[in-house]
Structures are given as C-alpha cells and as structure tokens.
Amino acid sequence: MSDAIRPAPETPEPRVTVRRYSALTRINHWTLAGSFVLLTLSGMALFHPSLFWLSTFFGGGPTLRWLHPVFGCVLIVAWLFMFLRFAWANLPERTDWVWMTKVRDVLSGREENLPEVGKYNAGQKLVFWSFALLVPALFLTGLVIWDQYFYDWTTIPQKRVAVLAHALLAIGMITVWIVHAYAAIWVQGTIQAMTRGYVTGGWAWRHHRKWLRDLVSGRKRTPPATPAE
Amino acid sequence: MTITVNPPVAATAPAYGEQDLLRRSASSVPAPGRQLEAVSKLIDVSKCIGCKACQSACLEWNNLKEEIGVNTGTYQNPHDLTPNTWTLMKFTEWVNPQTDNLEWLIRKDGCMHCADPGCLKACPSPGAIVQYTNGIVDFDREKCIGCGYCVKGCPFNIPRISNVTHKAYKCSLCSDRVAVGQGPACAKACPTKAIVFGTKEQMKAHADKRIADLKSRGFDKAGLYDPPGVGGTHVMYVLHHADQPSLYAGLPDNPRISPIVEAWKGVTKYAGFAVIGLAAAFGFVHHLVAGPNKVTEHDEEEAARLTEGRSP
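Residue numbers (the working numbering), protein chains in the order written: chain A, 2 to 230; chain B, 278 to 589.
Since the hints were made in silico from the structure, they are not lab data.
None of these values were measured; they are calculated from a predicted model.
Here are the simulated lysine to any residue pairs, SDA-like style, with alpha carbons at most 25 Å apart: (1) A:K211 to B:E574; (2) B:K324 to B:R494; (3) B:K444 to A:T155; (4) B:K470 to B:P522; (5) A:K103 to B:A567; (6) B:K342 to A:P63; (7) B:K546 to A:V145; (8) A:K211 to B:P569; (9) B:K492 to B:Q375; (10) B:K546 to B:G508; (11) B:K498 to B:T376; (12) B:K546 to A:P70; (13) A:K120 to B:E574; (14) B:K486 to B:G508; (15) B:K470 to B:N361; (16) B:K481 to B:D530; (17) B:K329 to B:G500; (18) B:K546 to A:V180; (19) B:K546 to A:T57; (20) A:K120 to B:T573; (21) B:K546 to A:Q159.
Build the full structure now, drawing on both the sequences and the hints.
Right, here's the structure in full:
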C-alpha cells in the first residue's frame with residue numbers, strides 16, 4: 002500500500018467538557034457579531050459604488066443611511082458590556098511575549114512548543130484590544146458624520162477627517178474580524194464555545210492548558226467557568 | 278445671451294437630457310455623443326445693489342418657501358444658505374485700508390457648478406449627482422440618500438441637507454429652464470443685469486469688458502473669478518478686488534477639492550479592498566497549507582487524566 006494512504010485518525014471522543022461562555026456572554030457576543038455584520042454590509046454599500054447594491058437589503062439608500070448609525074449604537078452598547086467583562090482576562094502576561102515570538106509554531110499549530118496559555122492567548126488578546134480600540138474610534142468618528150443629529154457639533158473640515166478616518170478604521174475592523182473569524186474556523190472546536198457554551202477537555206488541554214489547570218485546581222483566574230458537572 | 282428672450286408660448290422639448298451626461302455620481306456614463314456648448318452665469322458684484330430679487334426669483338421658480346427669520350443686524354436674510362435658500366446675498370462691510378472707504382461688498386452666494394465637482398466625487402449614491410456636458414451640476418432628489426457626503430466634498434460649502442426630507446439641496450443653475458432656452462430665474466429677475474447668463478465664452482468676453490471698465494475707474498485689481506483649482510466654474514464672478522476673493526464673505530481664494538476627500542474617494546477605496554482581500558487570501562492559503570488545527574485523542578486523554586474524579 003502506498004505511503005499516501007493512511008488509516009483515518011479516530012475522531013476523539015470527548016471525555017470531559019468545559020464550560021467556556023455563559024448564556025449571557027453568548028447573547029452579548031452574538032449581538033455584537035450581528036450588529037457588526039449589518040454595519041459592515043451597510044457600510045460597504047456606502048464605501049464603494051460597486052457595492053451600492055447591498056443597500057437593497059436595507060430597504061434602499063435612504064433607509065440604509067438611517068439604519069447604519071442605529072446598528073452602530075447597538076454595537077457600542079454590546080461592546081461596552083463585553084469590554085467591561087473581558088478586559089481583565091485579556092491583560093498582557095509575560096508568556097504572551099514568548100508566544101508572539103514563536104509565530105511559526107503558532108501558525109503551524111505546534112502548540113507543544115508554545116508556553117501554556119491561560120484563558121486567552123496573545124493572538125486573542127491582540128484581537129480583543131484591536132476591537133477594544135477600533136470600536137470606540139469608529140463610534141466617535143461615526144458621530145461626527147451622523148449629520149441628522151450631530152451636524153452642528155463639528156465643522157466641515159473636521160467632518161472630512163472623520164469620514165476618512167471612519168473608512169480607514171472600518172477597513173482595520175474588517176481585517177481584524179477576518180483574523181478573528183478565521184482563527185475560530187481554523188482551531189476546530191472553537192466555534193461551539195460561542196454557540197453551545199462549552200468546549201471539550203481536549204480543546205482546553207491543547208489550546209488553553211493553564212486555563213484548564215486553573216479550573217481543575219480551583220484557582221480563581223476565571224471566575225464563573227468551572228468544569229461541567 | 279439668452280436671458281432677454283421671452284419664453285415661447287408653445288411647449289418646448291428639453292434640448293438636453295440623460296444622453297448628455299459627462300459625469301454621474303458613483304457610476305460611469307457612456308461617452309456623450311455630442312458636446313453641448315458650455316454655459317455660465319456671470320455675477321458682477323460691482324453692479325449688485327443687494328435687492329435680493331434673485332433670491333425671490335429662485336424661491337419662486339423652484340417653488341421653495343423660507344421660514345421667517347430674525348434680524349441680527351445685517352441685511353443678510355436668512356443668515357446662511359438653507360435647503361430652501363439656494364442662493365443668498367451675502368453682505369460684507371469692509372474698510373479699504375488704501376482709501377479708508379467703507380465698502381459694502383455684496384456677493385450672491387450659491388453653487389459654483391465646478392468643472393471638477395467635489396460633491397459629485399464624494400456622492401455614494403449612483404446618479405444622485407449628475408454633470409451635463411454644458412457644465413451644469415444637478416442633484417437628483419429621487420436618488421439622493423441624504424448622507425451629507427456632498428457637503429464634505431464641496432469646496433464652497435454649498436449643499437444643504439433638509440432635516441425634513443433628508444435630501445440634499447442646492448442651485449441647479451435652473452437646469453430645467455436652460456434646457457428650454459431660458460436663462461436662470463435669478464438672472465432674469467436681476468434689475469441691474471449684475472447677473473447675466475450665456476455661453477461660457479460669451480460670459481468671459483462680457484467679463485473682460487466689465488473688468489476694463491472697473492480698472493478705468495480705479496479698481497486696478499478687478500478681475501474674473503473662475504478658479505482653476507476646481508477646473509473652472511460655470512458660475513463666475515467679476516470682483517473689484519479679485520486679488521482678495523475672501524473679502525467677499527469668505528469666497529475661497531484657491532478652492533480645490535480637499536486632499537482628504539481625494540484620499541477618501543481615491544486611494545482608500547483600493548487600499549481598503551486590497552487589505553481586506555489580502556487578509557482573506559492569507560486565511561485561505563494558510564488553511565490550504567496548514568490544514569485545520571484539530572484536537573487529538575491524546576489531548577482528550579490528557580484532559581481526562583487531569584480532571585480525573587472531577588467530571589463524569
């Protein structure tokens with residue numbers, strides 16, 4: 002038999018499940034995600050003429066123009082809630098620097114060469130802080146160009162800067178989102194953390210071993226999450 | 278010059294239309310089959326008496342109603358352009374330091390109909406702003422979404438968004454009148470012929486005569502305002518102090534589309550797609566090369582060992 006043919010690896014049967022996100026967190030996350038998708042689609046319609054057709058899904062141009070900042074208000078509230086609850090878990094640690102210098106091992110999934118990771122690895126923290134800064138910046142530049150309510154607050158030259166900054170920040174936001182979404186797809190078993198709320202023990206062992214150890218030893222690094230009873 | 282011609286009694290078909298578009302916002306147009314003769318309005322501020330007949334005529338022709346305002350100690354009323362006031366006499370009192378004379382500078386403000394219109398460049402809605410080959414820049418309210426990008430694009434601070442209709446408004450150069458051989462309503466109403474309308478060439482020739490006249494009266498800086506930074510305009514001024522346009526209620530000295538607007542509508546669009554595309558392409562290629570990062574049976578066993586006795 003040729004070398005090319007190998008027996009399929011057995012699908013691991015999870016023996017342990019670990020709760021990662023509460024229902025409240027998941028609702029929070031998907032409110033954020035839903036408003037982000039709506040903002041992206043409606044924003045892209047205004048960003049480039051070749052995408053103006055997206056306005057059809059929002060009831061046409063004038064309705065889209067009205068809706069986009071409303072979605073933005075939903076997002077900023079969801080963001081604030083998530084930021085306040087998760088900022089502490091995303092504070093940088095010394096091992097994060099080691100993790101980041103081993104980008105090759107990260108990208109090829111050789112996690113045995115990486116330091117043990119707590120609830121979030123350095124990449125996740127980078128995504129978190131990128132969003133944490135981009136969202137309020139987008140919100141503030143958005144207010145400057147929300148002419149219906151805030152036209153008198155700023156001058157036209159200020160609005161020009163804001164509209165350019167808003168576009169650039171949105172590009173940054175979408176790019177970070179691609180990293181975020183791709184990482185969730187690439188690292189299998191991740192998405193169910195946000196859909197069902199739990200991950201397998203193997204997932205926790207492989208990707209967030211320190212987090213798992215802390216949960217087992219009962220050390221209070223991650224307050225609400227405990228191994229499933 | 279067409280303004281002295283009375284309108285025909287019989288219905289007249291418009292002399293130009295969709296087929297004569299030079300530019301159309303957020304979309305492209307087929308190369309026009311013919312080039313209409315460039316038109317222009319010429320406003321001679323030295324002949325203006327500030328009577329506001331042009332303002333009234335504009336309201337009248339375009340069926341607009343302005344709210345009753347308040348007096349703030351100037352003749353200027355309303356105080357600025359509004360969604361209903363597409364043209365406005367702006368009054369400036371200026372003491373000429375050379376002569377120590379008080380000069381009452383009156384400028385009819387409104388859309389300049391730029392050859393390179395910043396509003397059209399900024400507009401995201403296909404066809405909401407159009408430019409005809411005769412130079413007229415017009416808004417199509419049916420397609421306007423009220424986003425206010427034209428306000429940011431305009432170097433002259435002209436378009437106004439209505440908080441009632443959420444649409445953008447500005448002078449149309451009476452495109453509907455011009456299409457049937459008439460001059461703009463303001464030009465028709467002007468009692469001193471400070472506002473005249475015709476082909477751009479005629480208007481330049483007319484301006485030359487006026488400038489020569491002004492110079493002979495001691496206004497040696499008299500000149501034509503047809504700013505090259507926006508490719509020239511289809512509304513031009515004869516100014517007695519053409520060296521200082523900003524004297525006239527802040528008429529820009531060197532108007533041009535803001536470089537920020539140019540960057541926003543130019544390089545940002547392509548760079549944005551490139552960055553987003555590269556990120557997506559990286560993910561795609563990475564998945565092809567590295568494959569999914571899967572949890573192994575060994576990981577599950579280790580986890581089970583670690584959590585022994587703590588879970589079922």
